[in-house]
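A.B. asks: Now for the letters of each chain:
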Amino acid sequence: MDTAPASDRPGDQLRQDHPSYAEVQASAEFAELRGAHRSFAFPLTVAFVTWYLLYVLLSNYAGGFMSAKVVGNINVALVFGLAQFLTTFLIAWWYSRHAAAKLDPRAEAIKARMEGEA
Amino acid sequence: MSTAGHLLAVESTSDNRPLIITLFTVFVLATLAITVWAGRQTKDANDFYAGGRQFSGFQNGLAISGDYMSAASFLGIAGAIALAGYDGFLYSIGFLVAWLVALLLVAEPLRNSGRYTMGDVLAYRMRQRPVRTAAGVSTIVVSIFYLLAQMAGAGVLVSLLLGITSEAGKILIVVLVGVVMILYVSIGGMKGTTWVQMVKAVLLIAGTLLITFLVLLKFNFNVSDLLGEAAKNSGLGKEFLEPGQKYGVNATSKLDFISLGIALVLGTAGLPHILIRFYTVPTAKAARKSVNWAIGIIGGFYLMTIALGFGAAALLNRDDIIASNKAGNTAAPLLAEEIGGGADSTGGAILLAVISAVAFATILAVVAGLTLASSSSFAHDLYANVIRKGQASQKEEISAARWATVGIGTVAVVLGVFARDLNVAGLVALAFAVAASANLPTILYSLFWKRFTTQGALWSIYGGLVSSVFLVLFSPVVSGKETSMFPDVDFHWFPLENPGLISIPLGFLLGWLGTMVSKEQPDPEKYAELEVRSLTGYGAH
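Here the protein sequences come in this chain order: A and B. Every letter in the first sequence is one number past the one before it in numbering that gives the first Met the number 0, and letter 47, counting from 1, is 46. Every letter in the second sequence is one number past the one before it in numbering that gives the first Met the number 0, and letter 400, counting from 1, is 399.
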C-alpha cells in the first residue's frame, strides 16, 4: 500500500500536477474544517486540564471539603475522583461524535477534491 | 485476614516456584512463536516500523493499553492504594485524563502527517538534520529512563515473586528480560511487538477482572463496606480514605504532587513509544478509534485497581505488605494469593502464579515497546536522515534498526543490572516530565503555530530536556533521602521530585522565545502542506 519513496522529506510529497497546498489552505472549505477542529478541541482541552487541576488542588488544599461524607464510607474526594473518570469518558465520546459529524465529512471532501485534481 | 507472617508468604512463594516458572515459560514461548510468525511477514520498513499499518482501531487500542499499562501502574498503583489509600487512587487519575490530550490534539494529525517516528512530525517543516537529531536524542533519553525503571523493577519484582534472593539470580532475570525483549523487537518489529502487547493487555485485563470480582464478592459487592474494612484494617481509620497520606504530608509534597499531575497529563501525548503506535492503523479515523478503545480499557483497568488496592488494604496485614516490598509493589500478588484461599492452599498458589505471570507479561510488553521506539528513532531519525542524509536504502535502514535494538537493549540490560538495587521507580515520572517538557511543546507548536521555526523547536526540545534532567539530578530522586537513588550522599538543592512544574512551562516558553528571536523566516508553503495534510489525511502514508 505504500508506494512513496523511502525518504520522507516534505518536498517529496509534492507532485507537479497537484494544486498547491497554500491554495487549499486558503480556501473557505479548509478554513471551516480548521475552525471546526480548533474551536472544539482548544477550549475543551483548556477545560479538562483546568478541571483536573481543580481536583488536584482540592485534594491538596481542601481536605475538609474532600473528607465530607456522601454516603456510607464514600466521601466527596472519592466521588470527585470517579467524576474525573466519567468526564474523561464523556469528553472522548463527545469529541468522537463531533469529529464524525463536523470534521470527517469536510476532511473527506477536501481530500477527494485534491486527489481528483492531482 | 492473613494472620500468617510475611515469612510464610515468601516461603509459599518459593513453593509455588515451579508453577510460576511454568506460566512464565509458556508466555515467553507463545509470544516468541508469535514474534517469529510476525518476523516472517516483516519485509519492508513499513512493516518493521509501523506493523504494515493494517491493525484495526480496536487491535491498536488493545496494544496501546498493553504498551502503556506498565508494571508501575499495575503493581505500583495497587500497592500505593494498599498503603496510602486515597492518594494512590489520586495518582492513577492523571494517567487516564492525559489521553484526552492525545485524542483531541495529537493522534490524528500525527497519523496523517508522520511516517514512522515522532521526529517525522517535529522535523516536518523545519531544517531536517538539527531537528531530527534533537528528536532522536529526546526519544532515546525518554525511552532509556523509562526502560531503566522497568528493567530494574523487573529484576526486583520477578526475584520477589520467585523467591530469589541471590544477586546472581537477580542479574540473571534482568538479562533474561533483556534478551527476550531484544528478540521480540529485532525479529518481530512493530508487528510482533503489537501482538505481544495485545496478548498482554488481554491477560492483564482478565487477571485484574478475576481478582476484582473475587474481592467484591467477598464484600457482597458493597463498595462502602470494602472501603470501611480497608480503612479499619489499615490502622489509619477514616483518614485512609481521604487525601493526604502520601502527597499531603507537607507544603513541598503538595507542590510536588501538582508538578507530578501536570507532568502526567501533558507527558502521555509526548511519549515516543505511545506516539509510534498511531502509525500502525490505516487512517486518522482508526487512530481516533484506537485512542477511544485505549481510554475505555485503561479507564476500566484503573477503576479495577481501586478494588485491588483497597482489597489488599482490607484483606492483608499492612505489615506483611510492607515487609514483602516497602513500596507495596507485591500487594496485588499477595492479594491474589489471599483471595484464592491463602498461602498453602491450591487456589492461592494458582492465583498467585497467574498474577505473577501477568505482571511478567506486563513488563515484557512495555520494555519491548520502549526498545522499539528508541531503535526506530535511532535508525530512521539519526541514521537514515541525519547520518546518511536520506540516502540509505530501506534494507540498510531496517538493518540499522535491528542492530540498534540489540545495542539499546544491551545498554538497558547493563544499566538495569547496575541499577537493580537502586530506587529507580521515580524515573518513570521523570520520563513523563521530559516528554511533557521537551516533546509536547514542539509537537503542538509544529502542528498549530504557523510562525514556529527551527530555532524554536531546538530551544524547546533541548531546553525542556536539559532542564528536566538537570533538576532531577539535583532533586531528592537522586540524592539526599532514604528513598533516593543514592541515599548515602546528598547534593540535592531542588526540593521537588518532579521537575514538571518548572521544566514544562520552560519548554513552552523557550519554543516561543526561540521562534520570536530567530532571524529565520518560517516557510509558509511547508506549513500549508503540514496543516492541509494533518487535517485532511491527504497524502498520508
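No lab work stands behind these hints, which were simulated from the structure alone. Among the hints, erroneous ones may be present.
Quick list of simulated restraints, FRET-style, between CB atoms [unchecked claim]: (1) A/Glu114 <-> B/Lys394: 24 to 32 Å; (2) B/Ala29 <-> A/Glu114: 21 to 29 Å; (3) A/Arg96 <-> B/Asp318: 27 to 35 Å.
Pairs of lysine to aspartate or glutamate residues, derived as DMTMM-like cross-links and limited to a Cα-Cα distance of at most 20 Å, are as follows [claimed, not checked]: (4) B/Lys288 <-> A/Asp103; (5) B/Lys288 <-> A/Glu114; (6) B/Lys449 <-> A/Glu107; (7) B/Lys480 <-> A/Glu28; (8) B/Lys284 <-> A/Glu107; (9) B/Lys449 <-> A/Glu114; (10) B/Lys525 <-> A/Glu114; (11) A/Lys68 <-> B/Asp420; (12) A/Lys68 <-> B/Glu395; (13) B/Lys525 <-> A/Asp103; (14) B/Lys325 <-> B/Glu395; (15) B/Lys284 <-> A/Glu22.
Keep in mind it's a predicted model, so treat the numbers as computed, not measured. C-beta atoms are modelled at their ideal positions from N, C-alpha and C, and glycine is treated no differently.
A.B. asks: Would you mind marking each hint as holding or not holding in the structure?
C.D. replies: Do the hints match the structure? See the list:
1. In this structure the hint that A/Glu114 and B/Lys394 lie 24 to 32 Å apart at CB holds, the actual value being about 31 Å.
2. A hinted range of 21 to 29 Å is violated for the C-beta pair B/Ala29 and A/Glu114, which are about 43 Å apart.
3. The hinted window of 27 to 35 Å between A/Arg96 and B/Asp318 is violated, with their beta carbons roughly 50 Å apart.
4. Taken as a hint, the B/Lys288 and A/Asp103 pair is honoured in the structure, with Cα atoms around 13 Å apart against an allowance of 20 Å.
5. In summary, the hint linking B/Lys288 to A/Glu114 is not supported, as the alpha carbons are separated by about 25 Å, beyond the 20 Å threshold.
6. Pair hint B/Lys449 plus A/Glu107 does not hold up; C-alpha atoms about 23 Å apart against a cutoff of 20 Å.
7. Among the hinted pairs, B/Lys480 with A/Glu28 is inconsistent with the structure: their alpha-carbon atoms are about 59 Å apart, more than 20 Å.
8. Between B/Lys284 and A/Glu107, the direct Cα distance comes to roughly 11 Å. Compliance with the 20 Å bound is thereby established for this hinted pair.
9. For the proposed pair B/Lys449 and A/Glu114, the alpha carbon gap of about 25 Å is over 20 Å, so the pair is violated.
10. A hinted pair counts as satisfied when its Cα atoms are at most 20 Å apart, and B/Lys525 with A/Glu114 qualifies at roughly 19 Å.
11. The straight-line distance between the Cα atoms of A/Lys68 and B/Asp420 is roughly 42 Å, outside the 20 Å bound, and the hint therefore fails.
12. A distance of roughly 64 Å separates the Cα atoms of A/Lys68 and B/Glu395; the hinted pair therefore is violated under the 20 Å criterion.
13. The straight-line distance between the Cα atoms of B/Lys525 and A/Asp103 is roughly 23 Å, outside the 20 Å bound, and the hint therefore fails.
14. Only pairs whose Cα atoms come within 20 Å are accepted, and B/Lys325 paired with B/Glu395 is rejected, the gap being roughly 47 Å.
15. Restraint check for B/Lys284 and A/Glu22: not satisfied, since their Cα atoms lie roughly 25 Å apart, outside the 20 Å limit.
This entry does not satisfy hints 2, 3, 5, 6, 7, 9, 11, 12, 13, 14, 15, going by the numbered hints stated previously.
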